Amino acid sequence: MITADAIEATEFMDLSRKYRVTGVPKTIVNETIEILGGLPEQDFVRAALDLPETNP
Amino acid sequence: MGLLSPQDEATLRQHLSAISKPVQLLLFTQTFGGSESGQVAKQILDEIASLNDKITVVEKNFVLDTEDKTKFKIDKAPAIVILSNDVDTRMRMYGAPTGYEFVGLVEAILVAGTGNIDLEPETMAWIQAVTTPTHIQVFSTPT
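One line per chain: the protein sequences are A and B, in this order. Here the first sequence is numbered in the numbering used here, starting from 1 and rising by one per residue. Here the second sequence is numbered in the numbering used here, starting from 1001 and rising by one per residue.
One or more of the hints may lead you astray.
Stated by the list, open to error - Now the stretches of chain B that chain A is said to cover, found in silico as 3 or more residues with beta-carbon under 8 Å:
| hint | region |
| --- | --- |
| 1 | 1087-1094 |
| 2 | 1121-1135 |
Claimed, not checked - Below, in silico cross-link-like pairs of lysine to any residue (SDA-like), each with a Cα-Cα straight-line distance of 20 Å or less:
| hint | chain 1 | residue 1 | chain 2 | residue 2 |
| --- | --- | --- | --- | --- |
| 3 | B | Lys1069 | A | Thr3 |
| 4 | B | Lys1076 | A | Pro40 |
| 5 | A | Lys26 | A | Pro40 |
| 6 | A | Lys26 | B | His1135 |
| 7 | B | Lys1076 | A | Ser16 |
| 8 | A | Lys18 | B | Thr1141 |
| 9 | A | Lys18 | B | Lys1060 |
| 10 | B | Lys1060 | B | Ile1019 |
| 11 | B | Lys1076 | A | Asp5 |
As the list claims (entries may be wrong) - Restraint ranges, calculated between C-beta atoms of paired labels, are given here:
| hint | chain 1 | residue 1 | chain 2 | residue 2 | range |
| --- | --- | --- | --- | --- | --- |
| 12 | A | Thr32 | B | Glu1047 | 20 to 28 Å |
| 13 | A | Lys18 | B | Thr1143 | 19 to 27 Å |
| 14 | A | Thr32 | B | Ile1127 | 13 to 21 Å |
| 15 | B | Gly1099 | A | Asp14 | 15 to 23 Å |
| 16 | A | Glu31 | B | Ile1127 | 16 to 24 Å |
| 17 | A | Asp14 | B | Ala1010 | 36 to 44 Å |
| 18 | B | Tyr1100 | A | Gln42 | 38 to 46 Å |
| 19 | B | Tyr1100 | A | Arg20 | 16 to 24 Å |
| 20 | B | Gln1007 | A | Asp14 | 16 to 24 Å |
| 21 | B | Gln1007 | A | Ile33 | 34 to 42 Å |
| 22 | B | Pro1022 | A | Arg20 | 38 to 46 Å |
| 23 | A | Arg17 | B | Thr1031 | 36 to 44 Å |
No lab work stands behind these hints: they were computed from the structure. Model, not experiment: these values are computed from the prediction. Note that the Cβ used here is the ideal one computed from N, Cα and C, for glycine as well.
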């Protein structure tokens, strides 16, 4: 169900502009969720999968 | 001359020795109108593959190999598709895997080749519960 792309931001400037990548790492999930910077594992997965703050 | 120093090669060879399943790296490059990063990516993948005989590199033409391009949903080049024993891991890298990206590539190869995913059990459960198509794009730079 999950596809993960690692994109070199300077190589694909059009995409970087499209997603307003002003700092890295920047993560975009399903065109809707934006995560800027690195997060601890569980915080990142919660944010990426749009899980509630408490138990999912 | 190789991109990796003899010392880096030795360290990397040791890391890659954990691999038990064949790993195929499909590299989509564009010969005409493409950037030089395709050639850099090819050299990096070839050097990694030379360190472990379970890793193979298969070069695809971004313009001509339309069937594979469609199959793996590749819309830009250079692109690296990582297969584990011919099964798509759904991990992709776009651009030359240099700098920090290189670490990510090696980690992805290790996941594909060992099946070991270094995540907390709780996090794994959340991920396994996903039932809708989820496309994660992480932008980074080599430095």
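Hints, one by one, checked against the model:
1. 1087-1094: The restraint on the region 1087-1094 of chain B holds, since 5 of its residues have a Cβ under 8 Å from chain A and three suffice.
2. 1121-1135: Held - the region 1121-1135 of chain B has 11 residues with a Cβ nearer than 8 Å to chain A, which meets the minimum of three.
3. B/Lys1069 with A/Thr3: Roughly 15 Å between the alpha carbons, so the hint for B/Lys1069 and A/Thr3 holds.
4. B/Lys1076 with A/Pro40: violated (30 Å)
5. A/Lys26 with A/Pro40: Distance of about 14 Å is within 20 Å: holds.
6. A/Lys26 with B/His1135: holds (14 Å)
7. B/Lys1076 with A/Ser16: At roughly 13 Å apart (the allowed maximum being 20 Å), A/Ser16 and B/Lys1076 satisfy the hint.
8. A/Lys18 with B/Thr1141: Since the Cα atoms of A/Lys18 and B/Thr1141 sit roughly 16 Å apart, the hinted pair holds (cutoff 20 Å).
9. A/Lys18 with B/Lys1060: violated (27 Å)
10. B/Lys1060 with B/Ile1019: Violated - the C-alpha atoms of B/Ile1019 and B/Lys1060 are around 24 Å apart, more than 20 Å.
11. B/Lys1076 with A/Asp5: Within the cut-off at roughly 12 Å; holds.
12. A/Thr32 with B/Glu1047: 20 to 28 Å: violated (38 Å)
13. A/Lys18 with B/Thr1143: 19 to 27 Å: holds (22 Å)
14. A/Thr32 with B/Ile1127: 13 to 21 Å: holds (18 Å)
15. B/Gly1099 with A/Asp14: 15 to 23 Å: Once the Cβ atoms are compared, 21 Å apart, the range 15 to 23 Å for A/Asp14 and B/Gly1099 holds.
16. A/Glu31 with B/Ile1127: 16 to 24 Å: holds (20 Å)
17. A/Asp14 with B/Ala1010: 36 to 44 Å: For A/Asp14 and B/Ala1010 the Cβ distance comes to about 39 Å; the hint holds.
18. B/Tyr1100 with A/Gln42: 38 to 46 Å: Violated - the Cβ-Cβ distance for B/Tyr1100 and A/Gln42, about 22 Å, lies outside 38 to 46 Å.
19. B/Tyr1100 with A/Arg20: 16 to 24 Å: Between B/Tyr1100 and A/Arg20, where Cβ atoms are some 21 Å apart, the hint holds.
20. B/Gln1007 with A/Asp14: 16 to 24 Å: This hint is violated: roughly 38 Å between Cβ atoms.
21. B/Gln1007 with A/Ile33: 34 to 42 Å: For A/Ile33 against B/Gln1007, whose Cβ atoms are near 40 Å apart, the range 34 to 42 Å holds.
22. B/Pro1022 with A/Arg20: 38 to 46 Å: holds (39 Å)
23. A/Arg17 with B/Thr1031: 36 to 44 Å: Violated, since A/Arg17 and B/Thr1031 (Cβ atoms, about 26 Å apart) do not stay within the stated range.
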